[in-house]
Each structure stands twice: as structure tokens, then as C-alpha cells.
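Novice: Listed below, chain by chain, are the residues.
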Amino acid sequence: MEDMLFYDRLQFAFTITFHYIFPQLTMGLSLLIVFLKWKYLRNNIEKYNNAAKFLMKIFAINFTMGVVTGIPMEFQFGTNWAKFSELTGGIIGQTLAMEGMFSFFLESSFLALFIFGEKLMGQKLHFLTGFLVFLGSWASGWFILATNAWMQHPVGYEILDNGKYVLQNFSALFSNPWLLPAFLHNQLASVVTSSFVVASIGAFYVLRNKQTEYGKLFLKTGVIFGLISSVLVAFPTGDWNAKNVAKYQPASFAAMEGIFETEEAGAEIVLVGQPNMVEKKLDNKIAVPNILSFLTYQEWDKQIAGMDQFKEEELPSNIPALYYSYHIMVGLGTIFIGVMALALFFLWRKKLYTLKPLLWTIMFLVPFPYIANLTGWYTAELGRQPYLVYGLLKTSDGISPTVSSGNTLFTLLGFVALYMLLGLLFLVLVGKTINQGPKPQTH
Amino acid sequence: MEVFWYIAIAIVLAVFFILDGYDFGTGIIHLFFAKKEKDKEVIAKSAGLFWDSNEVWLVAAGGMLFMAFPTFYASVFSGFYLPLIIVLWLIIFRAIGLEFRGQFKYQMWKDIWDKSFGVSSLLLALFFGIALGNIVRGVNLGGVKNGVSVYEGHYFFLPLWDSSFSPLSDTPGIIDWFTLIIGLISVVTLAIHGANWVILKTNASINKKLKGVIFKLNIALAVLTVFSLFVWQIVNPNSLDNFMRKPYLIVFPLIYFTGLIGLFFIKKFKKESQGFVFSTLLILGGITSSLASLFPVILPSINSVNPHLTIYNTAAENYGLSVALNWAIIGFILLIVYFIVQKRLMGGKVDKMDYGH
Numbered sequence: 001m002e003d004m005l006f007y008d009r010l011q012f013a014f015t016i017t018f019h020y021i022f023p024q025l026t027m028g029l030s031l032l033i034v035f036l037k038w039k040y041l042r043n044n045i046e047k048y049n050n051a052a053k054f055l056m057k058i059f060a061i062n063f064t065m066g067v068v069t070g071i072p073m074e075f076q077f078g079t080n081w082a083k084f085s086e087l088t089g090g091i092i093g094q095t096l097a098m099e100g101m102f103s104f105f106l107e108s109s110f111l112a113l114f115i116f117g118e119k120l121m122g123q124k125l126h127f128l129t130g131f132l133v134f135l136g137s138w139a140s141g142w143f144i145l146a147t148n149a150w151m152q153h154p155v156g157y158e159i160l161d162n163g164k165y166v167l168q169n170f171s172a173l174f175s176n177p178w179l180l181p182a183f184l185h186n187q188l189a190s191v192v193t194s195s196f197v198v199a200s201i202g203a204f205y206v207l208r209n210k211q212t213e214y215g216k217l218f219l220k221t222g223v224i225f226g227l228i229s230s231v232l233v234a235f236p237t238g239d240w241n242a243k244n245v246a247k248y249q250p251a252s253f254a255a256m257e258g259i260f261e262t263e264e265a266g267a268e269i270v271l272v273g274q275p276n277m278v279e280k281k282l283d284n285k286i287a288v289p290n291i292l293s294f295l296t297y298q299e300w301d302k303q304i305a306g307m308d309q310f311k312e313e314e315l316p317s318n319i320p321a322l323y324y325s326y327h328i329m330v331g332l333g334t335i336f337i338g339v340m341a342l343a344l345f346f347l348w349r350k351k352l353y354t355l356k357p358l359l360w361t362i363m364f365l366v367p368f369p370y371i372a373n374l375t376g377w378y379t380a381e382l383g384r385q386p387y388l389v390y391g392l393l394k395t396s397d398g399i400s401p402t403v404s405s406g407n408t409l410f411t412l413l414g415f416v417a418l419y420m421l422l423g424l425l426f427l428v429l430v431g432k433t434i435n436q437g438p439k440p441q442t443h
Numbered sequence: 001m002e003v004f005w006y007i008a009i010a011i012v013l014a015v016f017f018i019l020d021g022y023d024f025g026t027g028i029i030h031l032f033f034a035k036k037e038k039d040k041e042v043i044a045k046s047a048g049l050f051w052d053s054n055e056v057w058l059v060a061a062g063g064m065l066f067m068a069f070p071t072f073y074a075s076v077f078s079g080f081y082l083p084l085i086i087v088l089w090l091i092i093f094r095a096i097g098l099e100f101r102g103q104f105k106y107q108m109w110k111d112i113w114d115k116s117f118g119v120s121s122l123l124l125a126l127f128f129g130i131a132l133g134n135i136v137r138g139v140n141l142g143g144v145k146n147g148v149s150v151y152e153g154h155y156f157f158l159p160l161w162d163s164s165f166s167p168l169s170d171t172p173g174i175i176d177w178f179t180l181i182i183g184l185i186s187v188v189t190l191a192i193h194g195a196n197w198v199i200l201k202t203n204a205s206i207n208k209k210l211k212g213v214i215f216k217l218n219i220a221l222a223v224l225t226v227f228s229l230f231v232w233q234i235v236n237p238n239s240l241d242n243f244m245r246k247p248y249l250i251v252f253p254l255i256y257f258t259g260l261i262g263l264f265f266i267k268k269f270k271k272e273s274q275g276f277v278f279s280t281l282l283i284l285g286g287i288t289s290s291l292a293s294l295f296p297v298i299l300p301s302i303n304s305v306n307p308h309l310t311i312y313n314t315a316a317e318n319y320g321l322s323v324a325l326n327w328a329i330i331g332f333i334l335l336i337v338y339f340i341v342q343k344r345l346m347g348g349k350v351d352k353m354d355y356g357h
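Read top to bottom, the protein sequences are chains L and H.
Take 1 as the starting number for the first sequence in this note's numbering and just add one per residue.
Take 1 as the starting number for the second sequence in this note's numbering and just add one per residue.
Among these hints, one or two may not hold up.
With a straight-line cut-off of 20 Å between C-alpha atoms, the simulated PhoX-like cross-links for lysine-lysine are [said to hold, decoys possible]:
#1 Lys343(H) <-> Lys119(L)
#2 Lys349(H) <-> Lys209(H)
#3 Lys145(H) <-> Lys216(H)
#4 Lys119(L) <-> Lys38(H)
#5 Lys349(H) <-> Lys36(H)
#6 Lys119(L) <-> Lys268(H)
#7 Lys40(H) <-> Lys115(H)
#8 Lys145(H) <-> Lys38(H)
#9 Lys280(L) <-> Lys83(L)
#10 Lys302(L) <-> Lys39(L)
#11 Lys105(H) <-> Lys57(L)
#12 Lys247(L) <-> Lys280(L)
#13 Lys211(H) <-> Lys145(H)
#14 Lys243(L) <-> Lys302(L)
#15 Lys432(L) <-> Lys105(H)
#16 Lys40(H) <-> Lys105(H)
#17 Lys432(L) <-> Lys110(H)
#18 Lys216(L) <-> Lys119(L)
If you only want the chain H side, here are some residues facing chain L, beta carbon under 7 Å, derived [unchecked claim]:
#19 Val59
#20 Ser78
#21 Glu99
#22 Gly102
#23 Glu317
#24 Gly347
Simulated coverage check for chain H against chain L, where a stretch passes if three residues somewhere in it have a Cβ under 8 Å from a Cβ of chain L [as the list claims (entries may be wrong)]:
#25 79-92
#26 113-120
#27 140-152
#28 155-166
#29 276-287
#30 335-345
Source of the hints: derived by calculation from the structure; they are not laboratory data.
What you are looking at is a predicted structure, and each value in this text was computed from that prediction instead of being measured.
Idealized CB from N, CA, C, for every residue including glycine.
Generate the whole structure from the sequences, applying the supplied hints.
Specialist: Encoded structure:
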């Protein structure tokens, strides 16, 4: 049983990590594509249209990968987490079915039209299809986060005698106080990722001295969107989320921030340190006193519960992993703001395109928004442990009772091998597309 | 309310098998009949332009099943664990085969992805048929041994096959001779459907030959169908009860046989769309007849300890189902609109359409 739980969790973590690489780019990228297409409608300069269509090619590759890695996610609820599906399907099935029906259909139908239909439709309709792709991909995020929000902070339900969760109030699913901040934070983070990708492609073109016209456009667009979104990710949405965790999951909050002992006169904010689970303290700590209390409650000396206030079984099951995930996310977010602010400053001074060290930095920073997004996701999910539905249903009570660990291990290995192949092919394809560039080569 | 959702999901599933069914079929055609590069390319294109918008119907069906019949979803998905995960891998291989074959000009590269597309389409068609075979045959629900349920209630786990390879054993596997026959029927049906799609959507040079292929496959299908009706009675003796009680249900098998008979005249068809209409009837009739023979059961239990899974004992509570009805009506209207818009703009032959850059 222990094995089984471990392999099930590992398989879900692995497949969702790989899956989430793709939608986080498509969600943000669709916004940039709509922006460029809108610029083209306004000023009729061909460059913007070509740039939008080029980014849509990258979007399409990512979308395909997102679809083929997303179908396993839906299946796994039934195959690996049968008990969880049976108990909660009446509730989270609502949001998942809505995702399939409203957003996924919208996105995939209009993506095909955007790619193949420009000549048939004229520019205004073409813009509209691009906008509908954007709407579909963001609605997708909304429904998935509504599902997750219910697992983080269950609302509008009733538990029957047989343990089943029954929906009592449909609108509560979407007015869940957890949902809006999580959604905004997540979407803005996906804009950060896509801005970095676009800026990175731009930096590559400028440094290689090819497609420089587009290189400059991509740099400019990426840097402006990148700075705005990285600031908004931290404040107000990140702050708002942290306050939600403090309010609804105080034990997770203490573990995230690394507070082992409650300080009566206000909590310090930990910048660096390693959780020592044996002595229950942080090693090599660098911290600023009272800041955490202020950030959380706007009062310098407000007490924040430390991990000593909670029973062992209420605490997240893997405290160091949670702590590091959270601190990596916050640390990277801070770096993004710094780099993008610097880039914008030099853009304004008209020096960015010739400033090689900064261009190299932008080009090579591209994996880090992905890491920040994933560690952010881990923070939410590890914080929810040991529960599947926070405070109500233990993760160990949600797995499929009839599937043995050997089967899960076998399928896990299969997924690992297959996804490595997919990842490799993906990189080859994206590399090829970027290398070709937006300006069509004459045959 | 349960009946409404049952019908809604059945419709979405049928649409999935009609739409993605031709994708699978083009893969089988591609594997066995396409020899010239020009044909290979245009056949792959006739599936490649559409597969992702067809696959969304599977996602929608999955989501609706999860919401409306969570107990069924949970027991069937964990019970058919291995084949379902294998189906997932095949879906991935098929999709990347289609998306990647045109990306590089090297012959070896194309050959690899052509095989990936063809073989995984063939196996998917086979597996979906086998899945249907399992559902009409029934499973050892609750994993009963010596009259005692090994797992709580409705959970079960089927191995890929049982040593006896017989559907009549107490613990049949997923593949036995009965489900294999249904699997073959599915492969032949979808191959016919795919061939009709290729004729409809392309100007490939093998289109003429394909009409002959369809004729031959249709003979095979007729033989297999008659044979399966016979063994079906052995495997599930109650399968005709519903048709006796409610004679109007016979309309579903009639749809199937209309398709089957219609396809014998494939060479005479003036319009290319007619063949596709008849193979669509074949799929529609096949799925609806199987479901009608079981209704309201959705997974028969072959032991006497555990009751059948029906739409009533696996459904979510009424409030959830009726709320979902409200948004589903809006959803269905939108689906129909998207579908019409898309088919209008993507209509016509695919040969000229831009694909794979």
C-alpha cells in the first residue's frame, strides 16, 4: 500500500509536471499573439502580422504536446485515483467536464481556423479567431484552477453517509475565495513564461544578427509584457495568495515560510535557510524580523502560528520540499523583476539591442520561468498534503484499490520513456521553427 | 436525469467514434494500401488536419462520464488499467506520427512516423473494439473468488488475458476470443470508414482502388457480424431481452444493417459522400445497438455476488446532474456552432491545404 501510494503520487507528479510545461506557454503566448494581431489591425504594418503568425506556429506545437499529455491527466483520475474519483466525481467532475466542453473545444476549433483560415476570413475575422483561442486557453485555466481550488479549499458540498461528496451549491465552486487569486496568479505567471520565451527568441535573433527586425520586435514586446506580468505576479496576486494560505491552510503557511517556532511578538521573513527536520529549526538562517507579520496582516507585531502549534498529522508531509519549492519560486520571481526592469531601462535609453551581456542573460534565462511556475504549482500541491481534499480526504484514501504497485511502476516507466522521446522531438521542432524565423524563406 | 446524461454521453461517444474513427481508419488504410509517397502524404494530411479537433470529443465524453457517473468511471478506469494506459500511449504515438512526418524531408524520418501513425491507429481500433466486447460480455465485478467479493463493491481488475482465453471462464481477461472478434469488427469497420473518408477528402491516386477494397472489407464485415451475433448469444444470453420488450429499439440494429448493405453498392455511388454516410451509419448503429441491448446496465457483472453497474447505481446525485444540465445545453449549442463553422471552412479536398509547412 505504501509503495502504491508512492508510485501513484510519483506518476501524477511526473505526468503533470511534463504536461504543465506546455499550457503555461500557450496561455501566455495567446495573449501576446492577440496583442500583435491587434497592433497589425491598428497600423497595418505587415511585420506585426508575420510576428503573430510565427508565434502561432510555436503555439501550435505546444498545443499538440499539451493535448497529448493532457488526455493522460484526465484518464489518471480514473485509473490511478479511482477512490478519489468515485467520492468527489460529482463535484470536480463538473468543472472538469466544463473545461472539456467550453474551453478545449473553443481553443482547438479556432486554432485550426487561425492557422489555416487567414485568406478565407479576412483580417478582422482572423483576429477574432485568435482572440477566441486566447479566450479558450484562459477559460481552460479557469476551470482547472476551479477544480484545484475545490481540493485546496472545499466549498458548496455535503458528505453523505457512504463518504461521497455531493454538490450542494454550484455557484460556490466559482465564488470559492481560493479561486480568483490563484487564477490571476497562475495566468500572470504564464504571461511571464511566454514573455521570457518571446524575449529570448528576440535576443537570439539580435545576437545572431538574423531576422533582426523581428528580433527587436520580440525583445520589445517580451520585455514590456515581462516586466508588467512579473511585477503583478508578485504584487498583488502573489501576496493575495500567501494571505489565503495563511488564512485557510495555516499549517502549510508555517511550513512554506519555514517558521518552526511561534514568535509572540511578530514573525520574521526568512530569505535563506535550510530546514533541519531533526532539530526542528532552520540552519544557516538569514531573516528580517517582523516583516512576515506585516506582509500577512499589515501589523508588525502580529503573531503567526509556527509549526509547533500543529499536530504532526496536520503538517504537510514533506516540509523541506514545500519550503524549497516556495523559496525557489519567490527567489526567481524577484530575479525576473530585476532583469526585466533593467532591460526596460536600457530599452528606454535605446541601448538594449547592443548590450550583449544583457541579451545573453535574457536568452539563457528562459528555463527559469518554467521552473518558477512548476515550483509554484508544487508549493500549492505539497502544501495541501497529506490531503487530497484539504482537511477532509487523505491522499492515501484516494488511490485505486484494485491496481497493484507493480502495474503503476510499469506504466510510470513507460510514461518516462515516452515523454523523454516527446521532449526531444519537441525541442527539435521548436528549434527548427525558431531557426526558420518569421520571415518566410524564398524557395 | 440519469437517462438524459446516459443519452448525452452516448451521443458524444458516438460522435467521437464517427469523427476520430475515420482518423483511425485512414491510419489502417495508410498502413496496408498506401504505397506511393504522394498517396501517403495526402492520406496522412486527411487525418492530420482534423485529429486534434476530433480528439476533443473523447475529452468531453471522459469529463461528462466523470461528472455524471463517477462510480462507473472509477471502477472501469481502474479495472481496465493496463489497456487504458496502453491506449494513452497509442494515442500519443499516433498524434506525433501525424504531426511529425512532414517536418523533415528524410525518407527514413517519414517511414518511422508513417509506421507510428499506421500501427497505433490499427491497435487503437482493435483496443476500442475489445473494450466494447468487454462491456457487452461483462466482467467479474468485485473480483469475486469462491463466492466472496475480494474487493469492496464494484471494483475489479482485469489482466490482459486469462490462460483459458475464453469469455466463459470465471475470470476472463480483457482479450479473449469473443472480445477479439469484436475487436476485428471494429478494425474492419473503421478501415472502411477511413477509406470512405480518404475518397471523400482527397484526390489520391488510389481512390479508385479503395472502392474495391471497401467492397471486400464489407464482405468480411458481413461474415464477422453474423458470426458475432451467434457467439454474442453464448456470451451474454440476455442480450436480446431489451429488443423483445421494446421492439422500437430494433431501429438501432436496422441502422447498422442499412450501412452494411449500402456499402455493397460502393462502386456505383456517383457522389463521394455517400460511402461515408453509410459507414457512419455502420458505426452509429453498432454503438447504439450494443448500448440498447444493455440498457440500463452499463457494465454487466458475470458473478452472482455483485449486482450489475447500471446508470442508476453509478450516477452522481440529482442536484449536480440537474445543474450540469443547464450548462450542458449551452455547451451543446456551442459545440454544434463550432462544428458547423469549422466544417464549412475546412470543407473540400485537402490536397491543396497547407499542412506541415
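Novice: Let me make sure I understand: some of the numbered hints might not hold for this structure. Which ones are they, in numerical order?
Specialist: 3, 4, 6, 8, 9, 10, 12, 13, 18, 22, 24, 26, 29
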